[in-house]
Each structure stands twice: as C-alpha cells, then as structure tokens.
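Trainee: Please construct the entire structure, taking both the sequences and the accompanying hints into account.
Letter by letter, the chains look like this.
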Amino acid sequence: MNFDLTEERQMLQDGLRRYLRDQYTPALLSQIADSETGWSDAVWAGLAEIGVIGALFTEDQGGFGGAGFDIALVAEELGRVGATEPLIDTGLLGGGLIAALGNADQQALLEEVIAGDRQMALAHSEPGSRYDLSRVATTVTDGKLSGRKAVVVNGGAADSLIVSARSSGDVADEAGISLFIVDADAPGLTGRSYPLTGGGHAAEITLDNTPGTPLGAAGEGFQALAQAHARATLAISAEAVGLMDAIRTLTTDYLKTRKQFGQPIGKFQALQHRMADMLIEIEQARSAVINLAGHVDADALVRDTHVSATKTLVGQAARLVAEESIQLHGGIGMTQEYALAHLARRLVMVDHRFGDTLYHTERFVALAVA
Amino acid sequence: MDLHYTDAQTAFRTEVRDFLAEHLPTRLSDKVRKGQSLTKADHEEWHAILNARGWLAGNWPVEHGGTGWDAVQRHIFEDEMTKAHAPRIVPFGLAMLGPVLMAFGSEDQKSYWLPRILNGDDWWCQGYSEPGAGSDLAAVRTTAVRDGDDYIVNGQKTWTTLGQHANMIFCLVRTSNEGKRQEGISFLLIDMNSPGITVRPIVLIDGGAEVNEVFFDNVRVPAANLVGAENKGWTYAKYLLTHERTNIAGVGFASAGLEQLKRIARAEQSGGQPLIKNPLFAARIAQVQIDLMAMATTNLRVVSAAAAGQAPGAESSMLKIKGTQVRQEINALTMQAVGPYAMPYVSEALEGDNDPVGPAYAQARTRQYLNNRKLSIYGGSNEVQRSIIAKAILEL
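Here the protein sequences line up with chains A and B, keeping their order.
Just so we're aligned: the first sequence equals residues 1 to 370 in the numbering used here.
Just so we're aligned: the second sequence equals residues 371 to 766 in the numbering used here.
Once the Cα atoms are required to be at most 25 angstroms apart in a straight line, the calculated SDA-like pairs of lysine to any residue come out as:
id, chain 1, residue 1, chain 2, residue 2
1, B, 608, B, 524
2, B, 404, A, 335
3, B, 647, A, 133
4, B, 632, A, 361
5, A, 256, A, 268
Part of the chain B face toward chain A, derived, beta carbon under 10 angstroms:
id, residue
6, 503
7, 572
8, 573
What follows is a list of derived Cβ distance ranges for each label pair:
id, chain 1, residue 1, chain 2, residue 2, range
9, A, 190, B, 379, 53 to 63 angstroms
10, B, 567, A, 36, 33 to 43 angstroms
11, B, 642, A, 218, 22 to 32 angstroms
12, B, 373, A, 33, 47 to 57 angstroms
13, A, 190, B, 407, 23 to 33 angstroms
14, B, 433, A, 280, 50 to 60 angstroms
15, A, 226, B, 653, 20 to 30 angstroms
16, B, 384, A, 190, 48 to 58 angstroms
17, B, 374, A, 339, 51 to 61 angstroms
18, B, 423, A, 170, 56 to 66 angstroms
19, B, 765, A, 261, 14 to 24 angstroms
Note that these hints are calculated values from the structure, not bench results.
These numbers were taken from a predicted model, which means no experiment stands behind them.
Even glycine gets a Cβ: it sits at the ideal position worked out from N, Cα and C.
Mentor: In structure tokens form, the structure reads like this:
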C-alpha cells in the first residue's frame with residue numbers, strides 16, 4: 001500500500017501547479033469568459049508543451065502515462081484554478097476513443113491531439129437522452145449521418161467530432177451503436193454554440209446526411225463509449241476535488257479575515273463545525289477518486305461500480321461545498337467579481353455531466369446493492 | 371383547533387382569485403413563471419393595477435390608504451398572488467418604510483411620503499448593510515453630521531436591491547460615536563439624485579445585476595428628512611425588520627416552485643420513462659412536499675397569532691430558516707430535473723429568446739438556483755436567525 005506519487009508524477013504535478021497558478025489570473029478568466037471558445041489557446045498550447053495532454057495516453061499511443069492516476073493528477077490541478085481547457089473533450093473523449101478504436105490512419109490524429117494542434121469533441125448525447133449512454137436515435141445510412149446532438153461540450157471549437165449513430169437495434173440498445181469521425185466543416189453539419197454556466201462552451205449540433213468515417217467496428221461502439229465515459233468521469237471527479245480544495249482555502253481564509261461582532265467570524269464555533277464537515281466530505285471525495293483511479297481500466301462491472309460510487313459521492317460533496325462556501329461567505333460569496341463565483345458555478349455543474357447523483361445512485365443499486 | 375378557514379376568509383380568497391384572473395396581465399405572469407427579470411415599468415404597471423383596486427398596501431391601515439387586512443387576509447392575498455404568478459409587490463416603500471413612517475414619522479412626513487408610495491411617485495430602496503456591517507448591522511459607519519438645516523452624509527451602503535431604479539433611499543446613518551453602538555444610529559431619508567451620490571451595480575453569481583453599492587460623498591440632506599429622533603434609529607430599524615419578516619416563510623413561492631418542479635419532472639424522460647416515476651427522485655420531491663405541508667401550518671400558526679394581536683417574535687426566525695431551506699431544495703431539485711440542459715448559460719439578455727437551447731422550461735433554472743442562494747443570506751442570515759432562536763426561545 002502506497003499513496004505517494006511516483007517521482008515522475010510528482011514532477012508533473014509540481015510543474016503543472018506552478019504553470020496554472022501563474023497563468024490563471026483574474027484577467028485570464030475574464031478574457032476566457034468573453035472568448036469564442038470559452039478557454040485559452042495560449043494555455044492549451046502551454047499544457048501540451050509541459051506534457052499534460054500526453055499524460056492521458058500510454059507510450060504505445062504516443063504519450064507517457066495513460067493510467068487512472070495520471071488522469072486524476074492532471075484533472076485535479078486544472079480544477080484547483082477552475083481551468084476550462086477541454087482536457088476531457090479533446091483528450092479523454094476524442095483522443096481516447098481514437099486511441100481505443102482507431103485504425104493506423106486514424107491513430108495518426110493522436111499525434112496532433114497530444115501536440116495541442118487538434119481540437120475534438122464527442123457528439124453523443126441527444127435531446128431527451130439525459131444521461132443514458134445507450135440511448136441513440138441518430139441514424140446512419142450509407143455512411144451518412146442524420147440526427148441531433150445535445151450539449152456537445154467543445155463542439156464549436158472542435159476540428160473533428162466523434163459522432164455516435166444507431167446502425168441497428170432499438171433506440172436504447174447497447175448493441176448497434178456505431179462511431180464515426182466527422183470533420184467540423186463536413187456538409188450537412190450545423191451547430192449553435194453557446195457559453196456554459198461552469199465555463200467553456202457547448203453546441204447543439206444537427207446532422208443532415210453528413211458523411212463520417214467509421215471508427216471501430218459497426219454496431220460495436222458501446223463498450224468503448226463506456227470506457228471513455230468512465231475515464232472522463234474520473235477526470236471530472238478529480239477536477240471537482242481540485243475545485244473543492246481551492247474553495248475550502250478561499251473560505252477558511254475569508255473566515256479568518258472577515259470580522260463581525262468584534263471578532264473574525266471563523267472564531268464562531270457554529271461556523272468552525274461546518275467547515276469541519278466540509279473538510280470531511282472533501283476527503284471522502286478524494287478517497288473516492290483514488291478508488292476510481294485505481295479501477296478505471298478494470299472489468300466493466302468493477303469499473304462501473306467505482307464510477308457510480310465516486311460520481312455519486314462527488315456530486316453530493318460538490319453541492320455541499322458549493323452551497324456552504326457561498327453561505328459562509330455571505331453576500332460577497334454571491335458576487336460575480338469574487339473568485340468563488342466561477343469555482344462554485346463550475347463545481348455545481350459537475351453533477352450535470354456523465355450522470356448525476358440520481359443516475360449513479362440508481363446504477364450503483366443495480367451493480368452493487370440489489 | 372380548527373384547520374379550516376372561515377366562510378368570510380374563503381369568500382375573500384375567491385374574491386382575490388377572481389380579481390387576479392381578470393386583472394393580472396398575462397405578459398407579467400408569463401415573465402414571473404419563466405423566472406425572467408421584471409423591468410421597472412413592469413413593477414410600476416402592476417403596482418398601479420393593485421392600487422386602483424385599493425389592494426396595494428396590504429399591511430397598512432385604512433386611514434393611510436391601506437387595506438386594513440388582518441394577518442390571515444394578508445396571507446391569503448399573498449398566497450393567491452404567488453399561485454397566479456403575479457409580480458411580487460416591491461417591499462421597500464410599502465412593507466418597510468411605510469410602517470416606520472406611520473409609527474415614528476412626523477405628520478408632515480406621513481402626509482407627504484405615504485401617498486407618494488401608494489401612487490408610485492417614489493421608488494424607495496433600503497440603505498442598511500455596509501461592507502463592514504452585514505449580520506452585525508449595528509456596526510454601520512456611514513456618518514451624518516449636522517450642518518445648519520442639513521446633514522452631511524459620507525460613507526457607503528451595499529446590497530442595495532433595485533437601487534438602480536430608486537429615486538429615494540432610507541438609510542441607517544451614524545450620528546454619534548458615544549455610548550453603545552446602537553445608540554448612535556439615526557434613520558434618514560435621502561434623495562438619490564442629490565449631488566455626491568454614486569450607484570454602482572454589483573453583478574451576482576448568476577450574472578444578474580439586482581443589487582448595488584451606493585456611495586455618499588458629502589451629500590447634503592435636509593434635517594427635515596430625519597425620521598423620529600436623532601440617535602433612535604436602531605429602534606426604528608428593528609421595527610422595520612419585523613415587518614420585513616411578514617411572509618418570510620415564502621409558502622406561496624415554495625408551492626409555486628413545487629408545482630413547476632413536478633411539471634418539469636413529468637416532461638423530462640429518464641431511462642425511457644418520465645423522471646417523476648423515478649422512485650429516488652420522487653422520494654426527494656415527496657420529502658420536500660411533506661416539509662412544505664408542515665411548514666405551511668407552522669406559518670398559519672404564526673399568522674393566526676399575529677391576527678390575534680400577538681407580535682411575531684422569534685417564530686419568524688424558524689419560518690425564515692425552514693422556508694428558505696424548502697425553497698432552496700426545490701430550486702436544487704428543479705435544476706437537477708433539467709439534467710444536461712442545466713449547463714447552458716442563459717444570460718438575462720437572452721432570456722426572452724424565442725429559440726431557447728433545450729426545452730423552454732430548462733432556461734433560467736440554474737440561474738434561479740444560484741440566485742436563490744441569497745435567500746439564506748439576506749434579511750438576517752440563517753446563522754443570525756439560529757442565534758435568535760437559541761437566545762429568545764431556548765434561552766441559551
């Protein structure tokens with residue numbers, strides 16, 4: 001049993017933490033908020049340069065990591081500053097699916113992804129599919145895709161999209177889902193991009209007889225989707241832990257400096273106890289992320305049991321920490337200008353990607369309780 | 371013990387409901403239902419409609435142009451207003467300042483300001499909180515120094531709700547630094563158009579700008595605008611706060627929110643069936659509905675006692691805490707119900723957009739959740755309310 005980082009990972013963490021601390025200034029955040037993509041080109045290039053994207057892939061895939069603990073490490077650091085760069089979308093979902101299923105030509109795209117030169121997005125969820133991974137109504141006829149895709153994060157910035165479509169079976173069947181690589185400027189593809197509450201952008205995408213290149217075997221995309229989703233869930237959960245750490249620090253600092261009734265409000269035992277409860281839940285979330293990081297490449301049953309356990313716990317902790325930190329700050333915690341606002345919004349939105357507490361509690365019941 | 375309304379109370383409810391059905395403009399109720407922001411003109415339009423019926427000042431006596439309603443009638447009126455998605459009556463002049471003037475103002479102040487409140491001639495805002503005086507309100511530092519027939523005011527107020535619309539502000543100002551902090555505070559009415567006043571909007575976590583900072587730089591205020599006696603303002607401030615706490619439970623808001631939550635949960639599909647059929651989610655709705663049923667009765671217990679002449683005391687603190695917990699839980703469940711479509715950021719500028727991202731009902735649900743975090747912070751934070759309960763009821 002050893003919970004220490006390896007030397008290589010420790011170096012990556014130190015370098016990444018320093019880099020993000022320097023880059024993620026209030027000025028950058030406001031510049032990002034007004035940008036077309038919702039994140040910074042310069043930071044993305046910097047992340048590629050210090051090897052953050054490469055850390056998501058194995059040596060065989062052209063990276064130098066690829067394990068659950070690599071994903072958790074970098075995602076947590078991004079969370080610590082509320083970074084909005086599309087590590088999950090371009091790296092784990094787009095790049096991850098190509099790494100898992102791509103032929104030799106397609107694998108060549110990974111080099112561009114790792115170098116920071118290609119943006120990607122997964123266009124899978126559809127209006128009304130909510131968090132159901134197997135619900136796909138988009139059709140494919142003679143290699144042409146038609147349908148609608150919902151809340152495609154990074155869809156507007158992506159150079160190419162991974163699109164799911166149903167080649168056989170009923171709308172909610174796991175079997176019969178095929179994946180395609182589609183160019184962003186492919187004929188028949190239209191999108192409407194918009195900002196997200198937690199930062200970054202997403203797009204509503206319509207496909208009308210849009211050509212795509214098959215990725216993997218026809219009708220057999222589900223397992224790879226589930227695996228990519230598991231790794232993305234690990235990343236967003238680790239990101240949430242980073243966000244919660246940052247929020248905890250902001251809040252304790254505020255409790256030490258804000259004075260009412262003649263003393264710092266952190267001296268009030270009622271508030272101390274609430275901070276203590278927050279800390280306990282953050283540490284629970286950190287352990288849950290470690291559990292998932294250690295099992296994210298395990299068999300589907302073990303993997304998904306941990307995915308659902310972790311996402312449930314993280315979702316609950318995220319709500320508690322976001323709400324309590326705003327409350328303990330009082331009015332200042334409600335203001336856009338204060339650093340908490342962006343972090344808290346991003347944290348609250350974690351429960352709306354890759355399944356919420358409700359979805360994952362229900363799935364955990366099916367996998368590990370009932 | 372009788373849980374039923376009297377025949378007269380039931381008839382009154384019908385009268386209110388019929389009036390709202392006939393006179394509440396659909397344009398306004400649509401905005402309220404969708405959680406959209408109301409303009410100054412929207413508020414003024416609705417106030418004028420209520421004033422024409424004589425129902426604008428629910429907590430004022432008849433002699434001043436109010437309704438003379440008792441607490442149960444006020445409760446029924448507020449309940450029907452919320453169910454009909456009527457705009458909330460802007461409270462600063464009507465619910466807050468009006469009662470203070472009636473109790474402590476001079477005859478001149480009453481005869482001048484009260485009719486102007488009813489007629490919508492003035493839009494009042496509240497100058498209580500300061501950067502260093504939030505929960506600890508007695509720490510106010512904005513000063514008013516007597517100079518001939520005027521006071522000279524310097525300092526800063528914050529969290530001034532809808533101050534951007536206001537032409538008048540009632541302020542707690544420090545007129546003495548001697549003795550107890552509470553004994554050096556005065557209650558002053560200030561024209562927002564006076565030279566030396568600057569209003570700066572504060573953008574909130576949901577992107578909206580409903581609160582402001584107000585800066586006073588050598589602002590000259592006629593001494594005739596002092597309410598009551600100098601250095602007695604703390605008494606008036608506390609009196610005002612008890613009036614602010616009428617309808618503090620927000621039972622009507624919670625009921626309307628619960629109905630909306632259920633509508634959305636019926637429309638959303640999860641795993642091939644309506645979300646409301648999901649037993650885990652349904653159980654959470656049930657929990658909040660059960661809480662609301664009991665809270666509504668707690669509210670009526672306090673309302674009935676008030677109608678019988680007992681001043682609401684620390685009970686209103688219980689209602690504030692439970693009421694805000696229930697409303698915030700409903701907001702959280704509603705945001706959860708819209709699923710991934712909680713993620714798009716729909717700014718106020720886009721909220722009237724006819725081509726929403728995702729279902730129309732999903733718009734503004736996240737904004738509302740974020741914005742209503744304020745419920746447990748403002749009007750005396752829930753922590754302050756717990757301290758009041760501990761001291762005043764439990765005598766700890």
